[in-house]
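A.B. asks: Make one complex out of these two single chains by using the hints.
Now for the letters of each chain:
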Amino acid sequence: MPEDMLDDISATGGGGEGADPAWAAHDHYRLLSLPLELRSVDAGFAEAARWHLAPFQRIRAEPESRSIDVLPSDGTGRAGPALLYVRDGLTASAGSPSEILEYALWDIYSLVPQWCRDFLFLHAGVVASNGQALMLPAARDTGKSTLVAALLEAGCSYLSDEFGAIDPVTGQVYPLEKRISLDQRSLRFFTGLEDRLEDRRGGSEHLRQRYVRPEDLDATVAGPAVPRWLVFPTGDREGAPRLLPLPRAEAVNRLAACSFNLYRYGERGVVLLSRLAEAAEAFQLDGGTPPERAALLSRRLMAG
Amino acid sequence: MFAVRTTDDRFLELLHEYLGDHRVADGLRDQAVYCYSADFRPDRQLAGRKVARGVHSLYLQTLRIFRGREQEAMAGSLISSMRELATSVQNEFVRIRAGSVELNGGALVMPSPPEGHLPALVALLVRGGAPYLGDEMLRLDPVLRRVHGLPLPLLLDARDLPLFGDIRRTWPTSGDGSQRRGTAPLRHPVSVRELGASSSEPVPVRWIVFPRFDPGSAARFEPIGRSEALFCFARAGLNLHVWRARALTLMHELLESVPVSRLVVGSLPHAADLLLNAGPRAIAR
Chain A
0 MPEDMLDDIS ATGGGGEGAD PAWAAHDHYR LLSLPLELRS VDAGFAEAAR WHLAPFQRIR
60 AEPESRSIDV LPSDGTGRAG PALLYVRDGL TASAGSPSEI LEYALWDIYS LVPQWCRDFL
120 FLHAGVVASN GQALMLPAAR DTGKSTLVAA LLEAGCSYLS DEFGAIDPVT GQVYPLEKRI
180 SLDQRSLRFF TGLEDRLEDR RGGSEHLRQR YVRPEDLDAT VAGPAVPRWL VFPTGDREGA
240 PRLLPLPRAE AVNRLAACSF NLYRYGERGV VLLSRLAEAA EAFQLDGGTP PERAALLSRR
300 LMAG
Chain B
0 MFAVRTTDDR FLELLHEYLG DHRVADGLRD QAVYCYSADF RPDRQLAGRK VARGVHSLYL
60 QTLRIFRGRE QEAMAGSLIS SMRELATSVQ NEFVRIRAGS VELNGGALVM PSPPEGHLPA
120 LVALLVRGGA PYLGDEMLRL DPVLRRVHGL PLPLLLDARD LPLFGDIRRT WPTSGDGSQR
180 RGTAPLRHPV SVRELGASSS EPVPVRWIVF PRFDPGSAAR FEPIGRSEAL FCFARAGLNL
240 HVWRARALTL MHELLESVPV SRLVVGSLPH AADLLLNAGP RAIAR
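Here the protein sequences come in this chain order: A and B.
For what it's worth, numbering that gives the first Met the number 0 labels the leading residue of the first sequence as 0, then goes sequentially.
For what it's worth, numbering that gives the first Met the number 0 labels the leading residue of the second sequence as 0, then goes sequentially.
Pulled out of the complex, with its shape left as it was, chain B reads as follows (with noise of 0.2 Å):
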């Protein structure tokens, strides 16, 4: 259970249209067993006409994490904290870090080192129709080898939006995305109903491809061996620590019962476009 507080009431608002499927009734408040407070400050006026933007900050409990000036920002990083809290202790699943979307019946699963773009990458592949079930986390149901998705919305980093220029935005982006040199990138959140697409069902694993961010290269499908698929899945594992050698006895049985490939994503609409083209055969196959 999560508590929000705030000094400006939009920013519930900005929440209450990407979780508000989660919000519970006021008075179970007293059960909230993390707090987040947002602390809102004003613009300024300088001399010559000019306006400091107010920055703002988040904090969980106690512990800032989120210092900026966009509301979207603050609510991806919120989100984000959120989710990981959320889903840190459900250790009946073998966690990944991956996204995926449903093919066909089956789930694609995409796993990755940290990377900003790999929710764009989702984002595309459920534009393009294919029901969402996780832009950069799943679960691993290690019984049903399904995946089962988080019902939250995609976190894409802030530099990929111009991408969905296109959709119809319920909360538009206030600011440029751009930010200093150096500070993690900014995430907002897009919601699978702005992306105009559906969520998934948990579905069992079909295809997974290991993307490969490189800008500037043509996407193309590249063959992996198995060594260096099972290296590539254990390293996104994210409660290793919890499954140890049982989670790579699922990641190698399930590497052994599917296709695997490389995936090198130079342009993501490409990556994308290639992704639901091939799919339907992977699949199949």
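The following block holds chain A by itself, in its conformation from the complex (with noise of 0.2 Å):
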């Protein structure tokens, strides 16, 4: 983002105060229970969010929506016009639409956990079989979405690649079903995937990430369900994969470490986590390629 646009950045709002801007698109969404307001000067910005948000998007406006504006600067970017991203009135980000797209959706995403506080969430994996939960919390950079895929592939109906949005009252985890963001090398594991990829279209082409949607893998998205299995995939590679049994306590332990936003619940939360422990079987998952780890564990787990 040139230094000069980031000097123009101003903390009461990119656009003119009551001005129409023309807004190309405007559109709402609902995320679990986050709803958003999302208007857009770019047609192209607007079209690109849309394919991403497509699982959240909602006919009419929900009360307490968020807003973001995505607003013209004056400034120009590297490539093409610049845009500014505004939400509740202050301005976050600037810069090519395709750096705003990948803003957007970061910054949209970041906020489901702060927001939902009806859900406590972890940073997980999440898919589902015989409508029980298969749970995988683990750090960044773990394989999580690529295992995700992998599971997908092999029969698993997808809830999320990210988060495992945990519903106090029953327990059970959540879709939160947003599109699987993989690694361009990720997609050597799939066999044709890329080419039935459609997130290169219109303001996508330029993002670092790939994103695959359940029904490229020939999926579905599952509804809420009982976790039956949690597993904490490590960053363990080598050789051939292998399900490790965790105590209990070291499971409450490990999904304590993987929580958005355990804070908010404190003890209460702890309590939650150990009923979740204590319904589920727990293991730890080394070694192997992410299509071997769902093979396992569709073999070891979830068969019959």
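Calculated directly from the structure, the hints in this document are not laboratory data.
We treat Cβ as the ideally placed atom computed from N, Cα and C, and that holds for glycine.
Treat the hints with caution; some may be incorrect.
Chain A is nowhere near these chain B residues, computed Cβ spacing over 10 Å in every case [said to hold, decoys possible]:
1) E16
2) Q44
3) I64
4) M81
5) L162
6) G215
7) F220
8) R225
9) V263
Now the stretches of chain A that chain B is said to cover, found in silico as 3 or more residues with beta-carbon under 8 Å [claimed, not checked]:
10) 160-173
11) 255-267
One-sided excerpt, in silico: chain A residues whose CB lies under 10 Å from chain B [what the hints assert, rightly or not]:
12) P34
13) E63
14) D117
15) V270
C.D. replies: Spelled out as structure tokens, the structure:
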């Protein structure tokens, strides 16, 4: 982002007060209990955002919607006219349409565990088999998303590649079925997948990640499901994949370490995680490639 | 974080009586998200030795939220607003409009549509020895199914204050509680301390009673069907737009697990006595 453009960013919003910038698009979304209103002067950005947020699109506005405006800037970015990203009246970023799209996706998904206090969130991939959820809590760069994609290819249904949204009332994990984000090099594990992807259309062609829909892997989105297995993948890729059973106390510890918002729930959150660990089998997963890991999980845990 | 500024220091003293436990150091003033401004106008002398009492205004940011003559009522308006703002984001709880006290280690929960006399009913229970949880708003913890109270004073309808004439008010009421027709009822803060009682820690729900205010009727319990109870419970929900069907699941589970009644409230004191006498038996079931 050019520094002179940063100098122009004000804390009072990028658009003129009261001026209608001629919106090219005005869309509404709801991600779990987070309602969003997204307006854009750039039709290409709006179209790309619609593709990424399609699972969450709503027909009409909802109460207490957070507002996101994508407005024109006075400067220019590296690739085409520059835009400003303004959330709730505060300018948060500026750049080309693809830079703003990348920022928007990061910002919107970051907002979910902050805003949606009615769920306890884990940093976890989640899939389901026979109505039961398999949660993959893990830190970044452990291959969660690739493993989720591999499990979908193996026949599981999809809940999320990044957010395990646990309902405190029922203990079920709810879907947040965002597009699965993969590194370009991860596509090598999926024969023919790159040819089926539609993520490079329009304003998305310069994004760094690749984005996969469940249907690109012939998978469906699952409904809320009770977690039956907790599998903690590690970054160890050596040798064949192997599952190591974990004691419940250790599972609770690791779940707590993977939580986005345990601080909101405090003691009650630990109780919720303990219930989760009590009702599920817990394992550490080492070794193997994502498809090998997925095959092991399908064979050992989800068969029958 | 809230900031309050005023043209009359006595208002700050009044607030200190009721909100003193929540006061923070002046150095944190810049962190205030919401600012209340209390503008007090002096009385004016008119011809014929008449006095026109000053009309005071309370603003939240730039929005006027109170206009009247009584400091206590202004304090009630401020506390009500503050309570609403502070709890409106607490969606880790299912928030309901209800009064509640603790009886024998469990919560008596009284879900209700907006009803000005509910806080007075709660205050009577508290004065009768039941630890306080909430006068008209509660937070239900969906994990442990406990009721969490709010550490704020009760806000009583000014017309109910004569019921508490025997308690030693820290800040005696300056007005007579009368008001113009068509205006919202004035509400006065009354602290748990003034009621000679204590606040309760979070406790499990043990008894759900739906009050129906019917002045002149004899106070009595009535049965209530499960469907109607769920409807009444849902109607009292304050953040159902967040929890949606999961809130109904929680409410249904609570209704299935504890005694449920309707209470016809004719006389507030009689209704309170009925609840205090029946409470131990109901909760022991």
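A.B. asks: Each hint needs a verdict: does it hold in this structure or not?
C.D. replies: Here is how each hint holds up against the structure:
no.: 1; hint: E16; in the structure: 30 Å, holds
no.: 2; hint: Q44; in the structure: 45 Å, holds
no.: 3; hint: I64; in the structure: 20 Å, holds
no.: 4; hint: M81; in the structure: 19 Å, holds
no.: 5; hint: L162; in the structure: 37 Å, holds
no.: 6; hint: G215; in the structure: 39 Å, holds
no.: 7; hint: F220; in the structure: 29 Å, holds
no.: 8; hint: R225; in the structure: 19 Å, holds
no.: 9; hint: V263; in the structure: 32 Å, holds
no.: 10; hint: 160-173; in the structure: holds (count 4)
no.: 11; hint: 255-267; in the structure: holds (count 3)
no.: 12; hint: P34; in the structure: 9 Å, holds
no.: 13; hint: E63; in the structure: 8 Å, holds
no.: 14; hint: D117; in the structure: 5 Å, holds
no.: 15; hint: V270; in the structure: 6 Å, holds
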